[in-house]
Amino acid sequence: MTAPKGGNFGKVLEIDLSKQTYKTRPVSEEILQKYIGGRGLGAYYALTEYKAGKNPLDEDAFVFIGVGPMSGTMALSHRTCFVNKNPYTGNINHSECGAHLASEIKFAGWDGIYIKGRARKPVWLAIVNDKVEFKDASKMWGKTTETAHEMMIKEMKDPEIRTVVIGPAGENGVLYACLVVERFRAAARSDTGSVFGDKKLKGIAVRGTKYAVPVADNAKFLAAARVNKENNMRGEAWEGIKKWGTGGLMELKHFLHGSLITKNFQTTWYPDVVKIGGEEAMRTFWKRHAACTNCPTHCLKLGVIRSGKYAGLVAEGPEYESGGLLGTNLGMTKFDEMIALIEACDAYGLDNISTGGVLGFLTEAMEKGAIKPADLDGLKPKWDDGDTYMEMIRRIAYKEGKAGKFMAQGVARMSKQIGKGTEAYACTVKGRELAAHDPRGDKIRAYSYTMGTNGGDHHEGQGPQALGMTAMADSLVICSFTNFLLYGAGADKITTDMLNPLCGWDWKTEDYWTACKRIFTAERILLVREGVSSKDDRLPIRMYREKLPAGPRKDVVFTDADQKDMEAKTYGFFGWDAKGIPTEATLKAYGLDPFIDELNAAKKKYNL
Amino acid sequence: MEDKKLPDVLKKETSRRDFLRGTATAAGSAIAISAIGGIAPKKAEAQYSVQGVPGTKPYAQKYRFAERQNCTGCRSCEFACSLFHYGTARPALARIYIAKYKDIVDVPVMCWHCDDAPCIKACPTTPNSLTKDPKTNGIILNEKTCLGAKCMKCQEACPAKYIRGNPDTGQPLICDLCGGDPQCVKACMEQAGNPQGPCLQGRPLGIGVNMAFREVTPEQAGKDLANLLFYPNVEGKRVVPAKSKTRKGR
Ligand code: SF4
Ligand code: SF4
Ligand code: SF4
Numbered sequence: 001m002t003a004p005k006g007g008n009f010g011k012v013l014e015i016d017l018s019k020q021t022y023k024t025r026p027v028s029e030e031i032l033q034k035y036i037g038g039r040g041l042g043a044y045y046a047l048t049e050y051k052a053g054k055n056p057l058d059e060d061a062f063v064f065i066g067v068g069p070m071s072g073t074m075a076l077s078h079r080t081c082f083v084n085k086n087p088y089t090g091n092i093n094h095s096e097c098g099a100h101l102a103s104e105i106k107f108a109g110w111d112g113i114y115i116k117g118r119a120r121k122p123v124w125l126a127i128v129n130d131k132v133e134f135k136d137a138s139k140m141w142g143k144t145t146e147t148a149h150e151m152m153i154k155e156m157k158d159p160e161i162r163t164v165v166i167g168p169a170g171e172n173g174v175l176y177a178c179l180v181v182e183r184f185r186a187a188a189r190s191d192t193g194s195v196f197g198d199k200k201l202k203g204i205a206v207r208g209t210k211y212a213v214p215v216a217d218n219a220k221f222l223a224a225a226r227v228n229k230e231n232n233m234r235g236e237a238w239e240g241i242k243k244w245g246t247g248g249l250m251e252l253k254h255f256l257h258g259s260l261i262t263k264n265f266q267t268t269w270y271p272d273v274v275k276i277g278g279e280e281a282m283r284t285f286w287k288r289h290a291a292c293t294n295c296p297t298h299c300l301k302l303g304v305i306r307s308g309k310y311a312g313l314v315a316e317g318p319e320y321e322s323g324g325l326l327g328t329n330l331g332m333t334k335f336d337e338m339i340a341l342i343e344a345c346d347a348y349g350l351d352n353i354s355t356g357g358v359l360g361f362l363t364e365a366m367e368k369g370a371i372k373p374a375d376l377d378g379l380k381p382k383w384d385d386g387d388t389y390m391e392m393i394r395r396i397a398y399k400e401g402k403a404g405k406f407m408a409q410g411v412a413r414m415s416k417q418i419g420k421g422t423e424a425y426a427c428t429v430k431g432r433e434l435a436a437h438d439p440r441g442d443k444i445r446a447y448s449y450t451m452g453t454n455g456g457d458h459h460e461g462q463g464p465q466a467l468g469m470t471a472m473a474d475s476l477v478i479c480s481f482t483n484f485l486l487y488g489a490g491a492d493k494i495t496t497d498m499l500n501p502l503c504g505w506d507w508k509t510e511d512y513w514t515a516c517k518r519i520f521t522a523e524r525i526l527l528v529r530e531g532v533s534s535k536d537d538r539l540p541i542r543m544y545r546e547k548l549p550a551g552p553r554k555d556v557v558f559t560d561a562d563q564k565d566m567e568a569k570t571y572g573f574f575g576w577d578a579k580g581i582p583t584e585a586t587l588k589a590y591g592l593d594p595f596i597d598e599l600n601a602a603k604k605k606y607n608l
Numbered sequence: 609m610e611d612k613k614l615p616d617v618l619k620k621e622t623s624r625r626d627f628l629r630g631t632a633t634a635a636g637s638a639i640a641i642s643a644i645g646g647i648a649p650k651k652a653e654a655q656y657s658v659q660g661v662p663g664t665k666p667y668a669q670k671y672r673f674a675e676r677q678n679c680t681g682c683r684s685c686e687f688a689c690s691l692f693h694y695g696t697a698r699p700a701l702a703r704i705y706i707a708k709y710k711d712i713v714d715v716p717v718m719c720w721h722c723d724d725a726p727c728i729k730a731c732p733t734t735p736n737s738l739t740k741d742p743k744t745n746g747i748i749l750n751e752k753t754c755l756g757a758k759c760m761k762c763q764e765a766c767p768a769k770y771i772r773g774n775p776d777t778g779q780p781l782i783c784d785l786c787g788g789d790p791q792c793v794k795a796c797m798e799q800a801g802n803p804q805g806p807c808l809q810g811r812p813l814g815i816g817v818n819m820a821f822r823e824v825t826p827e828q829a830g831k832d833l834a835n836l837l838f839y840p841n842v843e844g845k846r847v848v849p850a851k852s853k854t855r856k857g858r
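Read top to bottom, the protein sequences are chains W and R.
The opening residue of the first sequence carries number 1 in the numbering used here; numbering runs sequentially from there.
The opening residue of the second sequence carries number 609 in the numbering used here; numbering runs sequentially from there.
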């Protein structure tokens with residue numbers, strides 16, 4: 001086993017919650033060069049440690065908190081990645097979010113944190129450099145995310161700690177519970193909240209002061225990182241994001257793209273967006289910009305509600321997804337009520353997107369008469385009814401009553417239970433609610449929704465190349481804004497230019513692409529093992545059947561031809577067959593040959 | 609105007625400190641502050657050349673200021689500082705750092721290069737382990753003579769509560785102004801350049817503004833900022849409306 005020359009320490013922190021012990025899990029240079037870190041390394045652990053059909057809530061199931069070689073360096077890398085097998089979708093999933101947690105993990109001397117086991121009583125972890133303390137979380141249990149975060153700061157007497165916590169939703173096993181990082185950021189699309197809850201793990205606080213990331217060739221690396229930084233500073237691409245965050249996209253997607261989610265994907269035309277979008281936020285709400293580690297883009301916006309029923313509410317957003325799902329998707333017209341819904345989800349630790357999906361779906365089902373208030377313990381959701389939505393969110397988080405338990409299952413399961421034609425407007429892919437981009441207006445987004453590993457995820461890459469580049473970015477755990485969304489396919493050069501001197505590698509741009517494809521294909525093996533194939537790489541029925549009724553993309557549907565084209569391009573690019581199964585030759589080319597037998601077994605089992 | 613005609617609030621005695629605090633977030637208030645008793649520029653300092661004027665040399669930036677409300681909390685300044693001094697990105701060694709206040713504001717905590725430098729006065733070694741570079745105004749630490757963690761008299765004396773200990777050596781981390789070319793200022797310019805302008809700025813003249821800033825501890829600066837930005841919720845709590853049913857678990 002070779003030790004890494006730079007970028008990584010070769011050490012992952014392994015924590016066993018059952019035994020309340022921890023140790024160093026060495027990770028070799030060979031593996032790091034193949035799987036990079038973050039999402040890739042998580043997929044590697046799942047491939048080598050899990051059998052098909054693994055129960056995500058087994059005691060020895062893991063959550064991998066990944067960082068990458070660039071985290072904690074001058075390379076503009078600040079995201080943290082979470083990988084776990086997901087009880088919500090039954091598949092291996094990943095989520096990423098920003099803030100300062102990743103560099104803190106690096107400065108504490110780790111290339112990631114691997115957590116397994118289940119505590120008997122609620123615990124939280126205090127990680128300071130090489131030391132881990134298992135702390136009693138019984139007083140924190142039941143507290144909202146912000147309160148738990150504050151209690152950790154108080155107990156560690158250090159406001160500079162970086163935290164990741166769950167809220168009541170995760171504790172109560174709501175299937176789409178998320179993790180909240182440093183109060184205002186959420187890692188949601190791996191639904192790790194319920195896994196933390198199952199492990200009786202309230203959260204983790206990290207403080208790193210002892211280490212700096214080793215660099216193989218400092219001068220060369222700094223020069224390359226400098227180029228990257230300059231491009232990010234001076235590139236015009238993100239001027240809008242700097243000013244508006246992603247909230248400003250709400251108006252853009254309405255007026256220009258015709259892809260703004262509206263009332264559970266009934267349309268994309270929502271003129272009231274001007275009352276709740278980025279411009280309203282700019283005028284009346286946002287007070288400051290906040291950035292992740294070392295990033296010039298500062299896309300996070302914080303504000304305070306000045307008057308009305310929610311006066312004094314300090315909140316983050318609206319971002320495009322949160323404002324879409326909990327704003328336009330619910331027909332909201334009151335800015336403060338929308339912000340309150342967003343903040344409530346963050347407080348309870350619920351995925352904004354799936355929660356919005358659930359509320360939107362139920363509102364439409366109520367409108368169409370598929371369910372009655374009696375089915376929801378008397379709740380009667382209707383568009384723009386902020387108070388009812390607020391109450392629904394609370395009941396979901398605490399799984400309160402029949403309605404709470406019902407809603408906590410998510411759209412796919414609810415629709416199955418209700419029947420009555422609700423599948424026509426249950427908008428999920430691979431068991432997960434879609435984000436705020438309507439794929440009829442934004443067709444390239446369909447790649448991300450359908451082909452991406454998570455399913456329904458807006459951030460898995462638009463187009464075949466982007467699917468690969470996202471897999472890479474999530475494994476380096478860097479933000480796509482600072483990488484391929486800025487450079488396009490040119491990201492291969494700038495990324496290898498930084499990686500080579502950092503890690504002491506000798507990569508050509510081809511190696512970058514091989515790694516992209518290897519990681520994405522490794523995840524695909526994990527999916528195929530569970531029976532996933534091209535039949536699952538499809539959008540919700542609504543997208544093929546119903547034409548958009550209004551807006552810039554009026555009368556557009558996602559056609560079968562669109563679907564065929566997308567499948568051919570994606571499978572072709574990654575070397576998979578027409579059913580979306582990686583071929584033997586492909587696995588050999590990416591060095592994934594140890595998994596050929598398993599894939600063949602799955603093909604036989606599921607008749608693929 | 610006669611005093612009795614004034615509204616009550618204006619009649620009240622406002623202490624100078626409060627006044628300074630209220631204005632200290634903006635470097636633009638430098639002039640106002642100097643007018644009420646800040647330090648007048650010394651002769652030698654007044655002779656500094658003006659940038660862009662032919663025949664004059666570029667000046668050393670002897671003072672730094674912060675438009676604190678512009679700070680995005682990106683910590684590029686921390687990265688730049690540790691990179692400059694140690695060749696590696698390690699914020700724990702930076703001589704500037706970003707303190708979070710109630711999670712809603714970020715406060716850049718930095719040295720104000722006080723003209724009277726209480727930190728140096730407090731240093732018990734002879735000669736002092738801290739000295740001021742007369743050319744750049746930076747505070748230089750003599751690592752050989754500094755007593756480190758068991759002393760830290762400078763830390764106690766600093767009115768800005770700025771000084772941190774070096775996690776490796778225990779000695780104070782203190783700002784040497786990078787020899788007159790502050791790296792953190794450059795980093796900040798790059799960072800927050802668009803659209804709200806940078807937070808950190810360097811100038812050859814302090815005109816007393818450093819005296820005003822230094823009275824304000826990081827915590828107080830955080831309070832001021834929270835007040836400025838998030839009034840009425842200066843505690844930064846997620847406020848739950850009294851009538852809402854969402855109180856459970858909070
Ligand atoms: S701010 Fe503190 S460290 Fe800086 S010169 Fe003044 S007393 Fe010394
Ligand atoms: S002026 Fe130089 S030494 Fe002082 S805080 Fe800034 S970068 Fe660090
Ligand atoms: S570089 Fe500027 S904006 Fe960024 S944290 Fe430092 S002071 Fe704040």
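There may be inaccurate statements among the hints.
Said to hold, decoys possible - Cut-off 25 Å, straight-line C-alpha distance, at most; resulting in silico cross-link-like pairs (DSS-like, lysine-lysine):
| hint | chain 1 | residue 1 | chain 2 | residue 2 |
| --- | --- | --- | --- | --- |
| 1 | R | Lys-743 | W | Lys-210 |
| 2 | W | Lys-154 | R | Lys-769 |
| 3 | W | Lys-23 | W | Lys-200 |
| 4 | W | Lys-154 | R | Lys-794 |
Because the hints were derived from the structure by calculation, they are not lab data.
(message) Let me make sure I understand: some of the numbered hints might not hold for this structure. Which ones are they, in numerical order?
(response) Going through the list in order, the structure violates hints 1, 4 and respects the others.
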